[in-house]
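2 protein chains.
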Amino acid sequence: MRFIAFISAFCWVAAFGQVKNSSNLVQYVKPIIGTEKMGHTFPGATVPFGAVQLSPETDTIPYEMNGKYNKDVYKYCAGYQYDDPTIVGFSHTHFSGTGHSDLGDFLIMPTTGKLQLNPGTENNPGSGYRSAFSHANEVAEANYYKVKLDDHNILAELTTTTRTGFHQYTFPKSDEAHIIFDLMAGIYNYDDKNVWTFVRVENDTLVTGFRQTYGWARTRTVYFAMSFSKPFTQYGMKDYSKGQVYRGFWRKFDQTKNFPDLAGRQMRMYFDFKTEDQEKVKIKFALSPVSTRNALENMRAEIPHWDFDRVKREGQEEWNKELSKITVKAGGREELINFYTAMYHAAIMPTVYMDVNGEYKGLDQNVHKADGFTNYTSLSLWDTFRAFHPYLNIVNPSRNADIVSSMLAHYDQSALKMLPIWSHYANDNWCMSGYHSVSVIADAIIKGNWKGDAQRALEACVTTARHRSYEGIGDYIDKGYIPADKNGTSVSSTLEYAYDDWCIAQLAKKLNRQDIYEEFIKRSGNWKNVYDASIGFMRPKMSDGTFKKEFDVLKTDGQGFIEGNTWNFSLYVPHDPEQMISLMGGKKKFVPHLDSLFTMHLPDEFFAETEDITREGIIGNYVHGNEPSHHVAYLYNWTDQPWKTQERVRMILKKQYHNGPAGLGGNDDCGQMSAWYIFSSLGFYPVAPASDRYWLGSPSVKSAVVSLENGKTFTVEAMDQSDKNVYVKKVLLNGKALDRRFITNEEIMGGGKLTFFMSPKAK
Amino acid sequence: MRFIAFISAFCWVAAFGQVKNSSNLVQYVKPIIGTEKMGHTFPGATVPFGAVQLSPETDTIPYEMNGKYNKDVYKYCAGYQYDDPTIVGFSHTHFSGTGHSDLGDFLIMPTTGKLQLNPGTENNPGSGYRSAFSHANEVAEANYYKVKLDDHNILAELTTTTRTGFHQYTFPKSDEAHIIFDLMAGIYNYDDKNVWTFVRVENDTLVTGFRQTYGWARTRTVYFAMSFSKPFTQYGMKDYSKGQVYRGFWRKFDQTKNFPDLAGRQMRMYFDFKTEDQEKVKIKFALSPVSTRNALENMRAEIPHWDFDRVKREGQEEWNKELSKITVKAGGREELINFYTAMYHAAIMPTVYMDVNGEYKGLDQNVHKADGFTNYTSLSLWDTFRAFHPYLNIVNPSRNADIVSSMLAHYDQSALKMLPIWSHYANDNWCMSGYHSVSVIADAIIKGNWKGDAQRALEACVTTARHRSYEGIGDYIDKGYIPADKNGTSVSSTLEYAYDDWCIAQLAKKLNRQDIYEEFIKRSGNWKNVYDASIGFMRPKMSDGTFKKEFDVLKTDGQGFIEGNTWNFSLYVPHDPEQMISLMGGKKKFVPHLDSLFTMHLPDEFFAETEDITREGIIGNYVHGNEPSHHVAYLYNWTDQPWKTQERVRMILKKQYHNGPAGLGGNDDCGQMSAWYIFSSLGFYPVAPASDRYWLGSPSVKSAVVSLENGKTFTVEAMDQSDKNVYVKKVLLNGKALDRRFITNEEIMGGGKLTFFMSPKAK
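Protein chains in written order, with the numbering used here: chain L, 52 to 814; chain V, 52 to 814.
Any given hint could turn out to be false.
Simulated crosslink set (DSS-like; lysine-lysine; CA at most 30 angstroms straight-line) [to be verified]:
(1) L/Lys-126 <-> V/Lys-599
(2) V/Lys-695 <-> V/Lys-639
(3) V/Lys-599 <-> L/Lys-303
(4) V/Lys-537 <-> L/Lys-289
(5) V/Lys-122 <-> V/Lys-293
(6) V/Lys-537 <-> L/Lys-293
(7) V/Lys-308 <-> V/Lys-224
(8) L/Lys-199 <-> L/Lys-331
Okay, the calculated bits of chain V under chain L, using three or more residues with CB under 8 angstroms as the criterion [unchecked claim]:
(9) 244 to 254
(10) 257 to 265
(11) 310 to 324
(12) 332 to 344
Sample of chain L residues at the chain V side, in silico, Cβ under 7 angstroms [said to hold, decoys possible]:
(13) Arg-251
(14) Trp-267
(15) Phe-300
(16) Gln-317
(17) Arg-344
(18) Glu-348
(19) Gly-413
(20) Ala-421
(21) Asn-480
(22) Cys-482
Read the hints as simulated data drawn from the structure, not as lab findings.
Glycine is no exception: its CB is placed at the ideal position from the N, C-alpha and C atoms.
Take the sequences, apply the hints, and build the full model.
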């Protein structure tokens, strides 16, 4: 027996070595990309779509104090800013790449020396529990983060499973070693955000509780279970609540020290240890949307041991598996890093919102059991319907199908009977415009990915789109556009509704619902109602049918759009570029118009209004950092100069994505920016999800093999690829010349090979 | 079939009529007793031990505003004060007879005319939604309350099932009929008490949600489902939160009108109707400790129809069943009213805290399923261990056994590993002193009532009693008393612990745990350590073993006691009166000492310090309105003058209990005052629960038949009973002369007859 075991172990090590060598794609993941300036990504540890995303906070500044907005908070959407000199602690939930934020639950910070319960300031880290750190002592990998906390002489390491964070802190010898547990801290915090906190010290290694907040999500509760590898010697709490309210007979207890039953609005806790030099104190920290009981069950199911390296390794193996769905050959390491980091960032959100036993909290705040699917939350649909969900349909179809099921469960639970706009921990935060769930649902069903009750799904789409009291839909139905005098984003919403309606029509057609098809295909033409032929742009229209007089085509604020001026948004007719171009004067007129978008100079006064992006995130007046333009470079495909799509796409890939911390020119937006990168690198892009077409651009990879869930592979090859050879001379699909500018979903999912012949000259 | 059904119905009606005539005991219940001054009872509708106790609020004044205590709030412990001229509304939860308070959840008020969302003031009811009313138009019965709301010309009627309140409002013809739903209102409210409120308007007749508060219970959430008999035409909400915090994209909605998804800290809602003259609008309002889903399930299970009269009738039948456990003959209707209203008040608390599906919320805030018992909450044990639980052991043993199971579940869930002090909706509010759960548990097990794992129960008692950090227990264990320099109620707690320890010892003896018996029988003698022989009273003792110098035997505040001065508390050795009397100088000295307690005059300055009672609640210096003296009148049984017990008991029965609204001289204290009345009326009293003895007094009934759950009956007869014949000449038990001053539990539960021969002369 022992001999056999020895042999097995030997083989396993050998096999592991081999696997590691042949598919160590994790080496190309740099979570640090996007952590400087506007990317709003985080460098911490997570497994794909993990519920726990354990990452350092470099500051926890309030969103507002006493009603006044603090504009610096915007930097901290993901909690970490690369330029900051200190780390405040490590919290368990983060959004990736958002432009507004929340979360940052359960901040933990290991310290030594005098106990300090306030975080202190950046300029004087010694004034609180925070610590200076340097990037030289920092490592950020997929599912692994390490940093030296200089002020405390502690090495911090983080890894995770889906629902459990694993901290490993290597202490110096100290009689005053502490774990600070800050239950006040949070991302985008403000005075009133912490609604309630409840903590139980179950024994000298186990703590449970919950945190209830009123933030971007309105009624949100996260439950936790925290287990220490070593008993604490003592612990305590300080309550920072401003208004002291009646505490009744709780006054008979000293709740500040070694008291196991705590609750309040603003609490910070500490746990004390004595440590030997280089002693590791480990913490497993599990979350649940439902209960502390479930959190504990999650922890016990996911990490029934204390082997940090094993959790790290298993998580990185999971990442390798995820990343190896596309095997890429590229010109250099920098491109591989861009590519696999994009794949990494496109596998962080949405997050699993369900316990190992299948339970989750619904919008009605009741506990539900997911029936045959994994429930997800954090769906930033205005961003992600464009390329991210179509990307999942190819590389992660089961997961995308579960996301569709999650959206329909959300609909079933919705008091408003609406599909999610921005699904956010048993809430909708209603962020941004449109009802783009319908695009994701239609796309998944039309592409044959989601296998549930499609008629029910259509019903949910239709009910949502007919919700007259929601953001101008009533007027939109009655007049064919949203009047500018009634709504501040009347034009962009009209355009987005028109596209969404087209998605519903496509779904209805597939399901032979002619009545619904006709209703919505008609609505999908409403974009024409806000086109002002006299200026050649989309323009706000008043209730009386006249266009709004004061109008600036470069300005964003107050012009009827959200995140984009009319130069960008006028091109937002993804479902009918042909007619759009025709209305704008035909192909000949359209090409120079589109050219000037990329070449004109946007004056600083107007740039200041474009949200979420750096100056580098803009090319001319083309704003890559904001989503409404993401299909724009592909529009040359509807003209006689498709080579300009090829040229622009390669330029954007080159200009907008870099290896450094400031490598993203705008918010990654929950994987949408990254999904754009992946598609475009492969040479095609889903201009209008819910159609089965991917429009060709110019691949930047040398080759790529997409391993599909159905067992087939789809290969992209770019012959004579180089930085100069950005133009596509010829395309073969499975060896035959392709006489069109798109490929279909069936062609991809059926497996096969797409060969691009690259050239330095425009065709 | 139809014929048979007709016959059955006929028989049923006949049978019902007969039952009604022979046992319409509900006629003797006057819920209005105790609603004036200090009784703190409520007049509204409830079934026995109902989770919903639906009752009018005559004001909703805040406990504190901006940190300042509002002493008038004390009047409103149960929400209703008889002298008030207006009714603010009807809420669904109330404590009965407490001296501190909470609850008052979900206030509903029907109005007509202009919509008003604030309650207005007592002096100017027209300034808000409240209404003037008069007692002439008010009916308060068991499970039925009716009142005319003068300002709105609405007849309001209330009835309930265990978990569902049923409102019936008869409106005048009106185009402006409203149901106000005040989610800010509550009993003992203050600025910060409402932690969170969540409401969903599911459709035009169904509303669900929850209310989370931070009151006497710290982390408390109550879920509801509200169903209207008639669709509302429109509805709306006003948010009264002071600090306006970030609401994100919720701003895109008008949440004030017909918006179905609401949440916030301070909300009031309204629902509008058009009514015909005399049209009834009915509301079913169910509660759950767990979820809105469970609340709805409770409602549908308990009231699957809209027949108000049926719910009222079934609830009153339930009361008749409850009351008919003791059939009494008395001198007159007034005594019957006192007796059956006492039985009524002794069947209101604790309340069922469990859904129809068996789920309830535990102290860990997790959802638990009660395994083989009904879970109860609102256990005011410092009050009720004395006579109320012993009373339940006789007339309601199954229920008391379930209460014991509830206490042990509480213990299992407790982070502090303690049995409940004051179990309060998945919380302990820690009110008052001692650990009197152990008395209730020991009493139930020793009397053979609770059939669970007794060793586990003993373990819970012992663990609780050894909790060194709880209220001086550590010092109490080490020194044999609680030092006065460390604790403000050092003497009363020492005395109460000593009695509780004796209970544990008795339980240990029964379970053959000699080790535990010895530990706790020793502890039970600790009362001697605070007895100062030099003054003949219990007295605060310092850490150094000397008695506290400054000491006033009449004063209550700051003397080492809670709710009682040393005159009263020095007699609190219920488990060993014999030795107590001996220490106090022997029987001869003790009798005049005890006499003077009843005959002395307590100066006003000291009366002001006795909480919870009216001047009438005091007899001399004997404070019947506070529990520590409840056994005192029975102490003459340990002297040569037991006739003084008989005389005093009859005097207290006569003086302290009346038929009017002001009929209770002090807080009813969750049935304890009432249980004292019942026992004493029957002629015996459990001086020391956990012993099997009931000490004889003087019955005030002519006869009483106690129908036991085991099918037997125990009869009390008082021969020659009259108001003057208060002395007991002779007692027969089952026809044989009783040569002792007590009867045993076995003698009662075995069935039989206790015959008192009454006389106008002291024996």
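request  = For the pair supplied as a hint, L/Lys-199 and L/Lys-331, confirm whether the alpha-carbon distance does not exceed 30 angstroms.
outcome  = holds (14 angstroms)
Status of the L/Gln-317 interface restraint (C-beta, 7 angstroms, chain V) = This interface hint is violated because 12 angstroms lies over the 7 angstroms limit.
inquiry  = Let's test the interface hint: is any C-beta of chain V closer than 7 angstroms to that of L/Phe-300?
reply    = holds (4 angstroms)
inquiry  = Three residues or more, CB to CB closer than 8 angstroms: is that satisfied between the stretch 244 to 254 of chain V and chain L?
reply    = holds (count 7)
query = Does the alpha-carbon distance linking V/Lys-537 and L/Lys-289 stay inside the 30 angstroms limit?
reply = holds (23 angstroms)
query = Does V/Lys-639 lie within 30 angstroms of V/Lys-695 when you go C-alpha to C-alpha?
reply = Holds, because 14 angstroms separates the two Cα atoms, which is no more than 30 angstroms.
L/Glu-348 as chain V interface residue, shortest Cβ-Cβ below 7 angstroms = Not OK, violated: L/Glu-348 not within 7 angstroms of chain V, min 11 angstroms.
message = Interface hint check: L/Arg-344, Cβ to nearest Cβ on chain V, cutoff 7 angstroms. Holds or violated?
response = It holds, given that the least Cβ distance between L/Arg-344 and chain V is near 5 angstroms, below 7 angstroms.
inquiry  = Given L/Gly-413 as an interface hint, is its Cβ closer than 7 angstroms to any Cβ of chain V?
reply    = The hint is violated - L/Gly-413 has no Cβ within 7 angstroms of chain V, the shortest such distance being about 10 angstroms.
query = How does the coverage statement for the stretch 257 to 265 of chain V fare against chain L, requiring three or more residues with Cβ below 8 angstroms from a Cβ of that chain?
reply = holds (count 4)
query = Does the nearest C-beta of chain V fall within a distance shorter than 7 angstroms of the C-beta of L/Arg-251?
reply = holds (4 angstroms)
ask   = Between V/Lys-308 and V/Lys-224, is the straight-line Cα distance small enough, at 30 angstroms or below?
value = Judged against 30 angstroms, a Cα distance of about 24 angstroms means the pair holds.
Checked against the numbered hints above, the structure violates hints 1, 16, 18, 19 and 20; every other hint is satisfied.
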